[in-house]
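*Asks:* So you can see what is in the structure, the chains are spelled out below.
There are 2 protein chains.
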Amino acid sequence: MTKTSPDKKVKVHFDPGNVDIVVEQGENLLQAAIAAGVRIYASCGGAGTCGTCKVLIEKGQVETTRTDKLSDEEYQQGIRQACQSWVVTDLTIYVPVESRLEKAVLSREQKRVSEVLATGWRFTPPLSKFFVELPPPTLEDNASDLSRLLRGLRQRYHLSNLSVDFEVVKKLAKVLRDSDWKVTVTTLVTAVKSRAGDRRRPRVINIEPGDTREKHYSLAFDIGTTTVCGQLLDLNRGMVIAESIAYNGQISYGEDVITRIAYCQKPRGLKKLQQTVVTTINEIIEELLSQSKVAIEHIGHMMVAGNTTMTQILLGLEPKYIRLAPYTPVANFFPPVEASSLGIKVSNQAHLYTFPAVASYVGGDIVSGVVGAGVHQRKNLTFFMDIGTNGEIVIGNSDWMVTASCSAGPAFEGGGIKHGIVASQGAIEEFNIKPSNLEPKIDTIGGTKPKGICGSGLINIVAGLLEAGVIGQNGKFNRNLPTKRVRKGSDGYEYVLARARETQIGKDIVITEVDIDNLMRAKAAMYAGYQTLSKSVGISSRDLEQVIIAGAFGSNINIEKSITIGLLPDLPVDRFIFIGNGSLLGARLTSFSTDLLDDARRVAQMMTNFELSENVDFMNNYVAALFLPHTHAKEFPTVSKKLAKLTNNDSKQRITA
Amino acid sequence: MTKTSPDKKVKVHFDPGNVDIVVEQGENLLQAAIAAGVRIYASCGGAGTCGTCKVLIEKGQVETTRTDKLSDEEYQQGIRQACQSWVVTDLTIYVPVESRLEKAVLSREQKRVSEVLATGWRFTPPLSKFFVELPPPTLEDNASDLSRLLRGLRQRYHLSNLSVDFEVVKKLAKVLRDSDWKVTVTTLVTAVKSRAGDRRRPRVINIEPGDTREKHYSLAFDIGTTTVCGQLLDLNRGMVIAESIAYNGQISYGEDVITRIAYCQKPRGLKKLQQTVVTTINEIIEELLSQSKVAIEHIGHMMVAGNTTMTQILLGLEPKYIRLAPYTPVANFFPPVEASSLGIKVSNQAHLYTFPAVASYVGGDIVSGVVGAGVHQRKNLTFFMDIGTNGEIVIGNSDWMVTASCSAGPAFEGGGIKHGIVASQGAIEEFNIKPSNLEPKIDTIGGTKPKGICGSGLINIVAGLLEAGVIGQNGKFNRNLPTKRVRKGSDGYEYVLARARETQIGKDIVITEVDIDNLMRAKAAMYAGYQTLSKSVGISSRDLEQVIIAGAFGSNINIEKSITIGLLPDLPVDRFIFIGNGSLLGARLTSFSTDLLDDARRVAQMMTNFELSENVDFMNNYVAALFLPHTHAKEFPTVSKKLAKLTNNDSKQRITA
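Protein sequence lines, in the order shown, are assigned to chains U and Z.
Quick note on my numbering: the first sequence kicks off at -10 and runs consecutively.
Quick note on my numbering: the second sequence kicks off at -10 and runs consecutively.
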């Protein structure tokens, strides 16, 4: 590192993304990327121990500390760990898809996210700052320090009925005198039930010397089973000033909530998982602070949305009974807690507010999404859905809401699918089939050779095969087709998507009848849930003003093809709206508006949960939905018409061939 | 200890008090005394290290572990440490006055305590218990555990708008299921300001399996500068079931609040004093539990009254600015805190509520006393006073109250008096003088030979000397009297109360002109404070319906003689009422009645504090009061008349002699 000089400036160019940044010679490459807004995954926080931040040095020179995370082959190709590399000359850097997984997820989410969200809310953050200059005490006016402060706040800002945290009382005398009686007070309003007689009662959670109103920040978090997303919010400007995402460290203890709950039954298991997610949160906070240069003591609050299991584990509450019938959470509304008491590295005064939940499998993430999407603000009906292993659905408007969760199984995440993988580099996502010879045309994430099929790809493949007549509406292969792509494999009939030589894995990538069956079960569970709910409130698809699709997976699906297979109701495409991470959206918006925070409580209370697991209607609907798109053609009139037409064309075509 | 058998019963007789108890052979003598209700002081808690629990074995045999706290002479006299002695045979025990100091103080306090207290309050303890049997969850009704609990409380007891402590949420799932959905919930109402729109909002602080309503206790404490008094309250029966008193361990760090505050300025000084008083509190709690056999987990709350300095130190709040002009406390109202967070050995759910204060030198103890005495309930005027080194006075009624503190100095505690001692065995308390020969007749506490003069004795002596014409109204000795009792000593003129051979100390016990001067300064400060306050609100002594005297010292003074020297206003004796430890009284009553707890907040807010330290009126009144009883004879018409008469009689008598 002796060759570098901090005075000399060099330019670093990042691909893909075409981002340039000028940094001092000797700057750490990971830091340069972060400063440039290039999102490189570094799960160990830049310690060099995880090997996730590998980048390709296409041009120029870095100094590197080599660790055992880098193979000889990689080293010779020019691959380096960004966190272990320091800039020497101008550089051209390629960030491979593995290292920018989160970036990919985030950008994929946002590309189709609608701007139509909750409306009409006032910018009134629950966290507020007030600056007061107080007259110093005299013998004529020697009220207590606290009385003086409260009097000042009342006179200057008409604030009354404040409660005061004991931690504030503890440092009050010193701060007032050190600052010559000029102080900034932070207050927090937590939503209260809006019954008559109750009012919002702000609590004083901090006092700082001088005028610190400019430094006024909070955090919004979505704690997902797979990923944790955080945003740093500037509460003066109503802006996101930094954001970050990371895998939930709990993944090592199981991929879904059921295995996590099971882990909690082990000795100290709950404590372990609680600490693990807190570590993930702390890593994200560290990155947010690093990106924004905000000091940790100016963060006054955390708004957290997560499903019921994630919320209970974060708070250290035994999740056992979420998993056991009749599936009861400990509570739907949790009191705010001191974030630092959970091990979260923020200052003592910062409180953590968790979104209220509806039931064991309809959690604060859904309430947050519903509020963020403004479902509760409209008279017209909305169908809100978050598709995944556990799919949550909500139907309602400003007057009422019903909700349910449908256990779809892991097919949408690539689970139980022969060549299924999570949405990552090399996953087949787009699929088209040439009607004349039934040859496939595939596209993968990152444009590389394929290595598997992700959930959204699976939907597109099955829809394509159905429309081409390669499979029938029962999901079985047409066994009399003039193509070698359909063949009998070790798991029964299958369609070859890519020959071994065209893949990264050196094997044929196929989709099997078993895979199709698994997808049909998954989509049937979602649709049967929707049907059961809508029947229970006496509405039909035609009554829906809009369908809101939340969640990372949902944002990447093709609407038309999802309707074709019977996952989504048969409605015009323009009625579907993607909101991306609705949970994070709601956490952000409620950080900006106490009105919406009040709404969140109200929404959680007004939602009626339907327990589908032993519901007879649901079982009947489920069986009827085990067909493409559905046993009852009238449920999917458009699709049925299209399929009939295609079949005719197809027949014609094949006859003329 | 091998000789004793737990099967054999023996009888222990305690004097004075004439108490018998039958215990098993081998029982510890201190424990036997506690079980018999005989109060023996054991400041080290029975570890054998303090030597305060010495008793005289008059008859019978004990086994003893001898420590260095017992001199050879004591041992030969039959004195033993009770905590280090175990019962062998039937015993007759004499508890000397030193070992029952607290008993003496307590009983002295109560002998003249009036029953006229706060009236008309409902028995509605802020701490309540509710038993509910909940229907177990089903698939049709799988509300969260907390919702189920709150629903049950609403249906059965019409409780709504509850807030719930996080600690309760944490154990909720387990307790509900372990107890088969039959649980007892403890709620706590903390007083809220009674402005429109505010309501009492009970918080759920504990949940226990089964029906535990019978076990329903709380603690009331007075934290005094010198002594700490605690009572264990049965909240079902509205009864005190155990009480205990101990010296505040902080005494080792200084006798008054000023030296304690000074100590807090040392490194870790505040922490040290905080821990010290907590240790005292813990010792008292231990004794209360031992007396009552109540289990610690059934104590749900602590109500604590103390002066502003004691309260701030207990809560760990820097008391520095109480001592520095313009004398500002940190706060008048303190949020409730978890008692265990201060180191107090109660269960986690128990909250500690400290009485609100008015000013740096008018603390929660005075507010507590005023509420306990019902001053705020009467239209007619009350003068409330707590006499001591720091004398606090209050004048007011149900509509208004004014208050002040008067720095009387330590004379009332025996400080600054040549032979002054605290009220303990051998302290001269009663004094009469034979007009014919001016010889004294004295009585001491415990009836032993005298060893000094306590504060109440000092008042009686000065009044007696004044009435006998031995001293003049200026406090100076009449130097032409036919008695050798008045003589010139090393500190100027003095009166010999006891000759060396009659005393425990082997020296003449005298009262000097300097002593009298110090007492005059002390009483002048109190009276000047009263005068200044009453003038400020435009009332005279005639307007006072009653005078309430609170505090351990106050309870032992002679009213007539206190009027004679000008300490108390010249009013008929029947207008004076003793309430003993008003601070403890208020803490107890507010533990029994949420109405009174609300009153405490209101009283603290309605009191207007007058800062006397640089008040010109006060200074003038003080100078005028440096006379016996007062420079202005019309302030004390009865006394003036009596003195005139006595002087005449005296002249006549001496002429005829």
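Note that these hints are calculated values from the structure, not bench results.
Misleading hints may appear alongside valid ones.
Given that identical chains are not distinguished, each listed pair holds provided it fits within a single copy or across any two copies.
Stated by the list, open to error - In silico BS3-like links for lysine-lysine, alpha-carbon gap of 30 Å or less: (1) Lys334 to Lys160; (2) Lys631 to Lys160; (3) Lys255 to Lys631; (4) Lys260 to Lys334; (5) Lys368 to Lys282; (6) Lys261 to Lys163; (7) Lys204 to Lys477; (8) Lys473 to Lys438; (9) Lys496 to Lys473; (10) Lys473 to Lys631; (11) Lys368 to Lys(-3); (12) Lys334 to Lys159; (13) Lys630 to Lys255; (14) Lys473 to Lys550; (15) Lys255 to Lys160; (16) Lys(-3) to Lys407; (17) Lys465 to Lys550; (18) Lys496 to Lys204; (19) Lys423 to Lys334.
None of these values were measured; they are calculated from a predicted model.
*Asks:* All hints, please: hold or fail.
*Replies:* Against the structure, the hints:
1. Lys334 to Lys160: both (20 Å within a copy, 25 Å between copies)
2. Lys631 to Lys160: Neither way: Lys631 and Lys160 sit 72 Å apart in one copy and 57 Å across, limit 30 Å.
3. Lys255 to Lys631: Neither: 53 Å inside a copy, 87 Å across copies.
4. Lys260 to Lys334: both (17 Å within a copy, 26 Å between copies)
5. Lys368 to Lys282: Neither way: Lys368 and Lys282 sit 43 Å apart in one copy and 63 Å across, limit 30 Å.
6. Lys261 to Lys163: For Lys261 and Lys163, the Cα distance is within 30 Å only across copies (19 Å; inside one copy 39 Å).
7. Lys204 to Lys477: neither (65 Å within a copy, 74 Å between copies)
8. Lys473 to Lys438: within (21 Å within a copy, 122 Å between copies)
9. Lys496 to Lys473: within (16 Å within a copy, 125 Å between copies)
10. Lys473 to Lys631: within (26 Å within a copy, 131 Å between copies)
11. Lys368 to Lys(-3): neither (61 Å within a copy, 84 Å between copies)
12. Lys334 to Lys159: Both, since 21 Å and 22 Å are each at most 30 Å.
13. Lys630 to Lys255: neither (54 Å within a copy, 88 Å between copies)
14. Lys473 to Lys550: within (25 Å within a copy, 121 Å between copies)
15. Lys255 to Lys160: between (41 Å within a copy, 18 Å between copies)
16. Lys(-3) to Lys407: neither (53 Å within a copy, 83 Å between copies)
17. Lys465 to Lys550: within (18 Å within a copy, 111 Å between copies)
18. Lys496 to Lys204: neither (56 Å within a copy, 72 Å between copies)
19. Lys423 to Lys334: neither (56 Å within a copy, 79 Å between copies)
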